[in-house]
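> In UniProt numbering, the protein residues as written are 1 to 269.
Each hint should be verified, as a subset may be incorrect.
[What the hints assert, rightly or not] Derived EDC-like pairs (lysine to aspartate or glutamate); straight-line CA-CA distance at most 16 Å: (1) K194 / E227; (2) K70 / E40; (3) K238 / D177; (4) K234 / D177; (5) K163 / E253; (6) K78 / D46; (7) K140 / E124; (8) K199 / E188; (9) K140 / E188; (10) K140 / D115; (11) K70 / D85; (12) K65 / E101; (13) K249 / E198; (14) K34 / E67; (15) K119 / E105; (16) K194 / E237; (17) K65 / D92; (18) K78 / E47; (19) K194 / E233; (20) K70 / D55; (21) K65 / E105; (22) K163 / D142; (23) K238 / E198; (24) K70 / D30; (25) K20 / D30; (26) K34 / D55; (27) K78 / E101; (28) K128 / D142; (29) K163 / E105; (30) K199 / E227; (31) K77 / E40; (32) K199 / D177; (33) K199 / D245.
[Stated by the list, open to error] Pairwise CB distance ranges, derived in the manner of DEER restraints: (34) A31 / E74: 24 to 30 Å; (35) S196 / K140: 31 to 37 Å; (36) F26 / E105: 33 to 39 Å; (37) D92 / E40: 17 to 23 Å; (38) R136 / H71: 25 to 31 Å; (39) L139 / N256: 31 to 37 Å; (40) K34 / L266: 41 to 47 Å.
I should point out that these hints are in silico values taken from the structure, not numbers from a laboratory.
All C-beta atoms, glycine included, are put in the ideal place defined by N, C-alpha and C.
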Amino acid sequence: MPIIYVVSDSVGETAELVTKAAISQFNNGDATIKRFPYVEDISHIDEVIALAKLDNGMIAYTLVKPEIRKHVYEQAKKEHIFAYDIIGPIMDQIQSICGKEPLFEPGIVRKLDDDYFKKIEAIEFAVKYDDGRDPRGILKADIVLVGVSRTSKTPLSQYLAHKRLKVANVPLVPEVDPPEELFLVPPEKCFGLKISPEKLNQIRRERLISLGLSDSASYANIERIREEISYFEKIVEKINCPVIDVTNKAVEETANLVLNHYRRGLLKD
Numbered sequence: 001m002p003i004i005y006v007v008s009d010s011v012g013e014t015a016e017l018v019t020k021a022a023i024s025q026f027n028n029g030d031a032t033i034k035r036f037p038y039v040e041d042i043s044h045i046d047e048v049i050a051l052a053k054l055d056n057g058m059i060a061y062t063l064v065k066p067e068i069r070k071h072v073y074e075q076a077k078k079e080h081i082f083a084y085d086i087i088g089p090i091m092d093q094i095q096s097i098c099g100k101e102p103l104f105e106p107g108i109v110r111k112l113d114d115d116y117f118k119k120i121e122a123i124e125f126a127v128k129y130d131d132g133r134d135p136r137g138i139l140k141a142d143i144v145l146v147g148v149s150r151t152s153k154t155p156l157s158q159y160l161a162h163k164r165l166k167v168a169n170v171p172l173v174p175e176v177d178p179p180e181e182l183f184l185v186p187p188e189k190c191f192g193l194k195i196s197p198e199k200l201n202q203i204r205r206e207r208l209i210s211l212g213l214s215d216s217a218s219y220a221n222i223e224r225i226r227e228e229i230s231y232f233e234k235i236v237e238k239i240n241c242p243v244i245d246v247t248n249k250a251v252e253e254t255a256n257l258v259l260n261h262y263r264r265g266l267l268k269d
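Can you make the complete structure from the sequences, with help from the hints?
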């Protein structure tokens, strides 16, 4: 088996994976792979060509810039070295079919992967620190939502998580003191979710009925609801955070308001 030089203008994972897949068809043999990542200079290409020639090796490469690809092809041909272009031909074919010019920007897949994993991390964070389960999440969060029960804290947390923001939410109940961490959060990162007593009464009654319970329970009692909202107002006043009225708003509308406030807060920093 020849020594295979894997060359890329990014990390080189794609080129190495394809090369290993091909080698596996030969029971892996005695293959040696040498990876050369972040190659964007012609002088680096010449170094790899010289090494491959010295070792009687071959080259597999994922390079997106046309001038670098061309240089590998021409120099390898000149030195009688086999060099296989993994990504170039399919890029050329896609360009031919759709008529669009490629970006020729190395590492885009990596950037997309990083973006994906940030989103997954944020979603997992929202689940872990949902409904005040662990107060430690409050200080780790990008955004903290506070409100009484049934003010869409959980769906809003998940929606914002898909925007790659780590969100913790805290329910406020008159009989339970809020966690101390809530008063340590910068006010611009904390958002109170306000709702009218009548709307909340309707939502809670429907919730009880859907669970097969009586809608006359104290959970849906209008006086109890007013007590909870009064307590909520005292807490958010103490925190001195923005308050958003969610009474007749969809989750998307509320999320946009939260994002606008949050981004303005970042700009101030």
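> Holds or violated: K140 with E188, Cα cutoff 16 Å?
14 Å, holds
> Would the hint linking K65 and E105 be met if the CA-CA limit is 16 Å?
7 Å, holds
> Do the alpha carbons of K163 and D142 lie within 16 Å of each other, as the hint requires?
11 Å, holds
> Measure nothing beyond the straight line between the CA atoms of K234 and D177; if it is 16 Å or shorter, mark the hint as holding.
Roughly 12 Å between the alpha carbons, so the hint for K234 and D177 holds.
> Assess, step by step, whether the Cα of K70 is no farther than 16 Å from the Cα of D55, and give holds or violated.
Measuring from Cα to Cα gives roughly 22 Å; hence the hint is violated.
> Please work out if K34 and D55 have their alpha carbons no farther apart than 16 Å.
Since the Cα atoms of K34 and D55 sit roughly 12 Å apart, the hinted pair holds (cutoff 16 Å).
> Is K238 close enough to E198, meaning Cα to Cα at most 16 Å?
This hinted pair is violated, its Cα atoms lying about 25 Å apart.
> Taking 16 Å as the top limit, are the C-alpha atoms of K77 and E40 close enough?
20 Å, violated
> Would the hint linking K128 and D142 be met if the CA-CA limit is 16 Å?
14 Å, holds
> For the pair supplied as a hint, K119 and E105, confirm whether the alpha-carbon distance does not exceed 16 Å.
Not OK: K119 and E105 at ~23 Å, beyond 16 Å, violated.
> With respect to the beta-carbon atoms only, verify the hint that L139 and N256 lie 31 to 37 Å apart.
25 Å, violated
> Need the status of pair K163, E105: alpha-carbon distance at most 16 Å?
24 Å, violated
The structure shown violates the earlier hints numbered 8, 10, 14, 15, 20, 23, 24, 27, 29, 31, 32, 38 and 39.
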